[in-house]
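Visitor: What follows is the residue order along each chain.
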Amino acid sequence: MARNTLSSRFRRVDIDEYDENKFVDDQEEAAENQGPDAAEVDDLIRQGDMMTAFHTALRNPPINTKNAAVKGKAQATVLRVLTSFRSSEIETAVRSLDRNGVDLLMKYIYRGFEKPTENSSVMFLQWHEKAFAVGGLGSIVRVLTARKTV
Amino acid sequence: MSLYSFGLEPVSCHAWNKDRTQIAISPNSSEVHIYQKSGKDWIKIHELTEHSGRITGIDWAPESNRIVSCASDRNAYVWTLKEGAWKPTLVLVRINRAATCVKWSPQENKFALGSGAKLISVCYFEKENDWWLSKHIKKTICSTVLSLDWHPNNVLLAAGSADLHCRIFSAYIKDIEERPGPTPWGAKMPFGEMLLEQRDCGGWVHGVSFSPSGDRLAWVSHNSSIGVVDAPSGKEVTQLATELLPQLSVLFVSETEIVAAGHDCCPFQYSYKGPRELSLVKKLDVPKQASRGGLSAMQHFRNLDKKAITEEEQNELESLHQNSITQLRIVDGPKTKVGRFSSVGLDGAVVVWDFKH
Numbered sequence: 000m001a002r003n004t005l006s007s008r009f010r011r012v013d014i015d016e017y018d019e020n021k022f023v024d025d026q027e028e029a030a031e032n033q034g035p036d037a038a039e040v041d042d043l044i045r046q047g048d049m050m051t052a053f054h055t056a057l058r059n060p061p062i063n064t065k066n067a068a069v070k071g072k073a074q075a076t077v078l079r080v081l082t083s084f085r086s087s088e089i090e091t092a093v094r095s096l097d098r099n100g101v102d103l104l105m106k107y108i109y110r111g112f113e114k115p116t117e118n119s120s121v122m123f124l125q126w127h128e129k130a131f132a133v134g135g136l137g138s139i140v141r142v143l144t145a146r147k148t149v
Numbered sequence: 000m001s002l003y004s005f006g007l008e009p010v011s012c013h014a015w016n017k018d019r020t021q022i023a024i025s026p027n028s029s030e031v032h033i034y035q036k037s038g039k040d041w042i043k044i045h046e047l048t049e050h051s052g053r054i055t056g057i058d059w060a061p062e063s064n065r066i067v068s069c070a071s072d073r074n075a076y077v078w079t080l081k082e083g084a085w086k087p088t089l090v091l092v093r094i095n096r097a098a099t100c101v102k103w104s105p106q107e108n109k110f111a112l113g114s115g116a117k118l119i120s121v122c123y124f125e126k127e128n129d130w131w132l133s134k135h136i137k138k139t140i141c142s143t144v145l146s147l148d149w150h151p152n153n154v155l156l157a158a159g160s161a162d163l164h165c166r167i168f169s170a171y172i173k174d175i176e177e178r179p180g181p182t183p184w185g186a187k188m189p190f191g192e193m194l195l196e197q198r199d200c201g202g203w204v205h206g207v208s209f210s211p212s213g214d215r216l217a218w219v220s221h222n223s224s225i226g227v228v229d230a231p232s233g234k235e236v237t238q239l240a241t242e243l244l245p246q247l248s249v250l251f252v253s254e255t256e257i258v259a260a261g262h263d264c265c266p267f268q269y270s271y272k273g274p275r276e277l278s279l280v281k282k283l284d285v286p287k288q289a290s291r292g293g294l295s296a297m298q299h300f301r302n303l304d305k306k307a308i309t310e311e312e313q314n315e316l317e318s319l320h321q322n323s324i325t326q327l328r329i330v331d332g333p334k335t336k337v338g339r340f341s342s343v344g345l346d347g348a349v350v351v352w353d354f355k356h
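Respectively, the protein sequence lines represent chains G and W. Numbering of the first sequence is given in numbering that gives the first Met the number 0, commencing with residue 0 and proceeding in unit increments. Numbering of the second sequence is given in numbering that gives the first Met the number 0, commencing with residue 0 and proceeding in unit increments.
Calculated directly from the structure, the hints in this document are not laboratory data. One or more hints might be untrue.
Here are the simulated DMTMM-like cross-link-like pairs (lysine to aspartate or glutamate), alpha carbons at most 25 Å apart as the crow flies [to be verified]:
(1) G/Lys147 with W/Glu235
(2) W/Lys281 with G/Glu19
(3) W/Lys272 with G/Asp97
(4) W/Lys43 with W/Glu8
(5) G/Lys72 with G/Asp97
(6) W/Lys137 with G/Glu16
(7) G/Lys70 with W/Asp199
(8) W/Lys173 with W/Asp199
(9) G/Lys21 with W/Glu196
(10) G/Lys72 with G/Glu117
(11) W/Lys138 with G/Glu117
(12) W/Lys282 with G/Asp48
(13) G/Lys147 with W/Glu192
(14) G/Lys147 with G/Glu16
(15) W/Lys173 with W/Asp214
(16) W/Lys137 with G/Asp18
(17) W/Lys138 with G/Glu88
(18) W/Lys86 with W/Asp72
(19) W/Lys137 with G/Asp15
(20) W/Lys138 with W/Glu192
(21) W/Lys36 with W/Glu49
(22) G/Lys21 with W/Glu192
Predicted model, so just to flag it, every value in this text is computed and none were measured.
Starting from the given sequences, assemble the full structure and let the hints guide the process.
Guide: Structure (structure tokens):
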């Protein structure tokens with residue numbers, strides 16, 4: 000047998016990188032959106048101003064970066080805000096959002112479904128019900144088809 | 000409106016003849032069936048069986064009475080009626096993937112074919128050699144071409160593709176036509192020139208449609224949104240994110256009214272009055288009458304006991320179509336004021352809708 004069959008280094012080569020017909024996504028490096036300001040949101044929650052905290056948490060979504068740490072931090076901030084809402088206030092909060100805001104909220108909700116903690120799923124399901132009433136099936140389809148995830 | 004059922008198989012695509020007495024459809028197979036209207040029914044008069052793969056597009060040229068069909072077998076045939084039978088002519092489209100859609104140009108001297116080979120093939124008839132030739136448009140297309148529409152000037156072609164972009168190309172063929180005048184989309188139009196690239200429409204662009212004047216282009220994409228680009232207003236783009244499931248086909252029925260239909264199984268009307276003024280008007284379906292008169296008390300408790308259901312079962316959708324609508328076509332009326340349009344879907348039904356302006 001030939002000698003080079005001993006080495007399995009070829010198995011680590013990513014041949015998709017060398018495919019000339021590979022689909023190249025449009026790269027947009029707008030690095031401004033680095034996630035909501037966690038400190039500011041915490042302050043607002045402590046003061047009890049839930050609506051402002053909610054809107055602040057949904058600002059600057061980290062959709063353009065691929066940095067998992069930034070996305071994780073943003074998700075944690077939003078989780079904190081959503082948990083501190085009372086069930087009766089969820090509907091008013093969702094109604095105060097515009098179309099893009101509802102889509103963004105849906106993205107965070109589905110992100111929250113991906114990594115459930117003990118009580119978070121129940122809370123996310125309540126938010127999902129109210130957001131679905133406003134956004135409809137279209138908002139869920141946009142979560143699935145979005146190339147830039149939150 | 001009227002519903003005609005053509006069997007249980009989905010209708011992949013359809014096309015009407017000039018006076019709307021005949022319809023060519025493909026029942027999700029490699030055959031084209033032509034039906035003739037007689038009274039309220041449709042009778043099958045021809046079966047066109049040259050293709051070996053599933054038919055993906057049919058178009059019927061009204062004036063010259065020719066049918067072009069394309070299929071997943073990478074071929075396209077032009078059919079002409081000779082002595083009461085349809086005779087096929089193979090078109091050399093030179094693609095190495097399936098064809099996805101086909102459309103005659105407004106003057107019927109050429110047609111455009113979209114394919115999975117990431118290119119559009121524009122085919123025209125060359126008289127000297129008595130065959131159909133094709134020219135390819137490949138510029139920047141990175142994935143399957145899903146939909147095509149011609150501009151009224153017979154030169155510009157809009158293409159929606161699976162690489163999430165919507166583009167307008169020039170399909171000017173100097174052997175068969177005169178040079179076109181300038182349009183709001185651009186003045187220089189050599190073959191293959193890209194006059195508009197609308198990047199990132201949000202999802203696969205399933206349907207595109209030019210307005211009757213050709214100044215506006217509408218598209219529907221897979222992220223449940225509809226977009227319109229307006230050439231005279233500086234190519235400004237207006238997008239509307241809907242709460243519905245994604246639409247698969249879009250049609251301008253006047254200069255400002257748009258009809259779109261798709262996975263929600265019924266058509267919706269949108270209105271475009273200018274840049275940033277795109278809105279959903281209404282759902283165009285007719286609500287089904289409540290045919291169920293109400294269960295008796297015994298039936299109600301029997302259902303509760305045996306099947307543990309508290310409500311009546313609903314086996315049918317409330318819309319006329321029972322499955323997604325895949326294609327819309329104009330039936331009656333000039334493009335500026337369409338009177339009726341037709342829709343076909345995965346439920347094997349063809350529905351002709353009346354449109355009130």
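Visitor: If a hint holds in the structure, say so; if it doesn't, say that too.
Guide: Each hint tested on the structure:
1. Annotation: proposed proximity of G/Lys147 to W/Glu235 holds, straight-line Cα distance about 23 Å (limit 25 Å).
2. Between W/Lys281 and G/Glu19 the CA atoms are separated by roughly 46 Å; this puts the pair beyond 25 Å, and the hint is violated.
3. With a C-alpha separation of about 22 Å, the suggested pair W/Lys272 and G/Asp97 falls inside the 25 Å cut-off, and the hint holds.
4. Restraint check for W/Lys43 and W/Glu8: satisfied, since their Cα atoms lie roughly 16 Å apart, inside the 25 Å limit.
5. Annotation: proposed proximity of G/Lys72 to G/Asp97 holds, straight-line Cα distance about 24 Å (limit 25 Å).
6. Among the hinted pairs, W/Lys137 with G/Glu16 is consistent with the structure: their alpha-carbon atoms are about 23 Å apart, no more than 25 Å.
7. Between G/Lys70 and W/Asp199 the alpha-carbon distance is near 22 Å, which keeps this suggested pair within the 25 Å criterion.
8. Taking the CA atoms of W/Lys173 and W/Asp199, the gap is near 32 Å; set against the 25 Å cutoff, the hint is violated.
9. Between G/Lys21 and W/Glu196, the direct Cα distance comes to roughly 20 Å. Compliance with the 25 Å bound is thereby established for this hinted pair.
10. Proximity of G/Lys72 to G/Glu117 is assessed by CA-CA distance (about 19 Å); at most 25 Å being required, the pair is judged to hold.
11. In summary, the hint linking W/Lys138 to G/Glu117 is not supported, as the alpha carbons are separated by about 52 Å, beyond the 25 Å threshold.
12. For the given pair, W/Lys282 sits about 40 Å from G/Asp48 by alpha-carbon distance, which is inconsistent with the 25 Å threshold.
13. With a C-alpha separation of about 30 Å, the suggested pairing of G/Lys147 with W/Glu192 is violated against the 25 Å cut-off.
14. Of the supplied pair hints, the one linking G/Lys147 and G/Glu16 holds, its CA atoms being roughly 21 Å apart against a limit of 25 Å.
15. Of the pairs offered as hints, the one joining W/Lys173 and W/Asp214 holds, with about 23 Å between alpha carbons and a cut-off of 25 Å not exceeded.
16. Restraint check for W/Lys137 and G/Asp18: the C-alpha separation of about 19 Å stays at or below 25 Å, so the hint holds.
17. Proximity of W/Lys138 to G/Glu88 is assessed by CA-CA distance (about 52 Å); at most 25 Å being required, the pair is judged violated.
18. Restraint check for W/Lys86 and W/Asp72: satisfied, since their Cα atoms lie roughly 19 Å apart, inside the 25 Å limit.
19. Simply put, W/Lys137 and G/Asp15 have alpha-carbon atoms about 22 Å apart, close enough for the 25 Å limit, and the pair holds.
20. The hinted pair formed by W/Lys138 and W/Glu192 meets the criterion: a straight-line CA distance of about 8 Å does not exceed 25 Å.
21. Our distance criterion of 25 Å between C-alpha atoms is met by W/Lys36 and W/Glu49, whose separation comes to about 24 Å.
22. With a C-alpha separation of about 23 Å, the suggested pairing of G/Lys21 with W/Glu192 holds against the 25 Å cut-off.
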